[in-house]
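Undergrad: Going down the list, the protein sequences come from chains R and Z. Start counting the first sequence at 33; every next residue gets the next number (the numbering used here). Start counting the second sequence at 3; every next residue gets the next number (the numbering used here).
What the hints contain is simulated information worked out from the structure, not anything from laboratory work. Only a predicted model underlies this, so the values are computations on that prediction, with no experimental measurement involved. Hints are not guaranteed to be accurate.
To give an idea of the interface, some chain Z residues facing chain R are shown, with a C-beta separation under 8 Å as derived from the structure [to be verified]:
1) S21
2) C25
3) P29
4) A54
5) K64
6) F66
7) C67
8) G69
Which residues of chain R face chain Z? A partial, calculated answer using Cβ under 8 Å [unchecked claim]:
9) G38
10) A42
11) E149
12) L150
13) A152
14) A203
15) D211
16) E212
17) R286
18) V309
19) V314
Cβ pair distances, simulated, as ranges [claimed, not checked]:
20) A62(Z) to R49(R): 50 to 56 Å
21) L30(Z) to A69(R): 54 to 60 Å
22) R77(Z) to A336(R): 24 to 30 Å
23) G59(Z) to A72(R): 53 to 59 Å
24) N27(Z) to D60(R): 52 to 58 Å
25) F76(Z) to E333(R): 29 to 35 Å
26) G59(Z) to D299(R): 23 to 29 Å
Note that CB positions come from ideal geometry on N, CA and C, so glycine has one too.
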Amino acid sequence: MPAPRGPASAALTEYLRLEDHGTTRLDDDALHNEVSAAVAASPDILTDDDLQLALFLMYELHYTGIDGVRDELEWSSSLIAARGELERGFEAGLRDAVTMPELPLPIAEQVAEALFELTAPTPGPSLARYIAKNATREQLHEFLIQRSIYTLKEADPDTWMIPRLRGRAKAALIEIQTDEYGGGRQERIHANLYARTMRGAGLDDSYGAYLDLVPAITLASLNITTMFGLHRRLRGASVGHLAAFEMTSSLPSRMIAEGFRRNGYGDQVTDYFDEHVEADAVHEQIAARDLAGGLVEAQPELLADVMFGAAACLTIDGRAADHIRSRWEAGETSLRHAFTLEAA
Amino acid sequence: MTADARDGDDEIKGFGAASIVACPNGPLLVRGDVELLDGDGHPVPRTRPTIALCRCGASAVKPFCDGTHKLMRFRTEE
Numbered sequence: 033m034p035a036p037r038g039p040a041s042a043a044l045t046e047y048l049r050l051e052d053h054g055t056t057r058l059d060d061d062a063l064h065n066e067v068s069a070a071v072a073a074s075p076d077i078l079t080d081d082d083l084q085l086a087l088f089l090m091y092e093l094h095y096t097g098i099d100g101v102r103d104e105l106e107w108s109s110s111l112i113a114a115r116g117e118l119e120r121g122f123e124a125g126l127r128d129a130v131t132m133p134e135l136p137l138p139i140a141e142q143v144a145e146a147l148f149e150l151t152a153p154t155p156g157p158s159l160a161r162y163i164a165k166n167a168t169r170e171q172l173h174e175f176l177i178q179r180s181i182y183t184l185k186e187a188d189p190d191t192w193m194i195p196r197l198r199g200r201a202k203a204a205l206i207e208i209q210t211d212e213y214g215g216g217r218q219e220r221i222h223a224n225l226y227a228r229t230m231r232g233a234g235l236d237d238s239y240g241a242y243l244d245l246v247p248a249i250t251l252a253s254l255n256i257t258t259m260f261g262l263h264r265r266l267r268g269a270s271v272g273h274l275a276a277f278e279m280t281s282s283l284p285s286r287m288i289a290e291g292f293r294r295n296g297y298g299d300q301v302t303d304y305f306d307e308h309v310e311a312d313a314v315h316e317q318i319a320a321r322d323l324a325g326g327l328v329e330a331q332p333e334l335l336a337d338v339m340f341g342a343a344a345c346l347t348i349d350g351r352a353a354d355h356i357r358s359r360w361e362a363g364e365t366s367l368r369h370a371f372t373l374e375a376a
Numbered sequence: 003m004t005a006d007a008r009d010g011d012d013e014i015k016g017f018g019a020a021s022i023v024a025c026p027n028g029p030l031l032v033r034g035d036v037e038l039l040d041g042d043g044h045p046v047p048r049t050r051p052t053i054a055l056c057r058c059g060a061s062a063v064k065p066f067c068d069g070t071h072k073l074m075r076f077r078t079e080e
């Protein structure tokens, strides 16, 4: 169980712990009240450590669970109610923070073109360029730690979409996910390639090993994907998010691989990034045209949410990347506490 | 997936009828059973069932696409 970061995550971890020991009657109202009050008081829920950690932990119950927490709690009505408070606040915060792009016509090729326009590479400073040219080994460790929160379960949040789609969009998602999961070959599953990268850099690849170190915006980057994936209502946003994610991956992956090579790392560490140069150049075409375009042609009423999901991905992942780069440029750690790799 | 798709190390074979999608302003998306050869007739290893072939000429991982066409604002029309 991670260390709480404020009243909501403290109430939640206490709740999960009491339920585990079965010694005290659970105070459902206390949890709900703490969460509601914290959501109402939060100046920016996207970077709120307390709330993003609480949401992350609630979502973990839907993935592989939390050690020591009973499986039944996944569908505890009290937890789901408190989660609803967090999600309403998070979604409102996102809709506030995201600038909506102009909507294209609900035709697949037009949707694809609008998405390529929205995600077009921009000149100027970026985290990937910083990594290619300037990052030290210590900063590369930090980067791998930051990315591990999502990437050790890469593709999993998007899998929630599969039963919610039909036709061309569903086939496109399956085509992408098949590749993400290594075509069914364990050693080629992207999350496993990433674990191999972490081990190659001397890091612990067990899920959540560095959870206490990562800031709210990094948790938000996974939480947004999980929220979109778990709510059928938000399937359009989920599709748009995945499209934007795939469409901003190939070129940065090449630069990131360069940064690792520059610091003397070999194939075990760079394979993951090299794989994504080629894989995501395929995925972005399928995601833009067949997944997003195909969904909008079948259900034009989802167009605005597809574009919202794409813009939300760029906003959140852009803020997460800017956080890391600006801390590094100031000579500081991007983590909540400085991390030093123990010499082997 | 057919049985022979699991043969070998990374290479994948056996994915049915071939098709090529010419993506506007982007690569050629190739699906299905296609023999991919280099200029000397040697097979180019294929590690995924759907591949994107470079059409702008600027990819660093030719014959595959790496997204560089987006930096060049490569256009296939007009």
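Undergrad: So, for every hint listed, does it hold in this structure?
TA: Here is what the structure says about each hint:
1. S21: At 12 Å from the nearest chain R Cβ, S21(Z) fails the 8 Å test, so the hint is violated.
2. C25: holds (5 Å)
3. P29: Holds - the Cβ of P29(Z) comes within 8 Å of chain R, reaching about 7 Å at its closest.
4. A54: With a closest approach of 5 Å, the A54(Z) hint holds.
5. K64: With a minimum Cβ separation of about 11 Å from chain R (threshold 8 Å), the hint on K64(Z) is violated.
6. F66: For F66(Z), the interface hint holds, since the closest Cβ of chain R sits about 5 Å away, which is under 8 Å.
7. C67: For C67(Z), the interface hint holds, since the closest Cβ of chain R sits about 4 Å away, which is under 8 Å.
8. G69: G69(Z) check passes; min Cβ-Cβ to chain R is 3 Å, inside 8 Å.
9. G38: violated (40 Å)
10. A42: The hint is violated - A42(R) has no Cβ within 8 Å of chain Z, the shortest such distance being about 44 Å.
11. E149: Check failed: Cβ of E149(R) comes no nearer than 10 Å to chain Z, outside 8 Å.
12. L150: Violated - the Cβ of L150(R) stays beyond 8 Å from chain Z, reaching only about 12 Å at its closest.
13. A152: Interface hint status for A152(R): holds (6 Å vs cutoff 8 Å).
14. A203: violated (11 Å)
15. D211: Since chain Z brings a Cβ to about 6 Å from D211(R), closer than 8 Å, the hint holds.
16. E212: The hint is violated - E212(R) has no Cβ within 8 Å of chain Z, the shortest such distance being about 11 Å.
17. R286: Holds, about 6 Å.
18. V309: Nearest chain Z Cβ about 5 Å off; hint holds.
19. V314: holds (5 Å)
20. A62(Z) to R49(R): 50 to 56 Å: Given a distance of about 51 Å, which is inside 50 to 56 Å, the answer is holds.
21. L30(Z) to A69(R): 54 to 60 Å: holds (56 Å)
22. R77(Z) to A336(R): 24 to 30 Å: holds (28 Å)
23. G59(Z) to A72(R): 53 to 59 Å: holds (56 Å)
24. N27(Z) to D60(R): 52 to 58 Å: Since N27(Z) and D60(R) have Cβ atoms about 54 Å apart, the given range 52 to 58 Å holds.
25. F76(Z) to E333(R): 29 to 35 Å: Given range 29 to 35 Å: holds, Cβ gap about 33 Å.
26. G59(Z) to D299(R): 23 to 29 Å: holds (27 Å)
The structure fails to meet hints 1, 5, 9, 10, 11, 12, 14, 16 from the earlier list, while all remaining hints are met.
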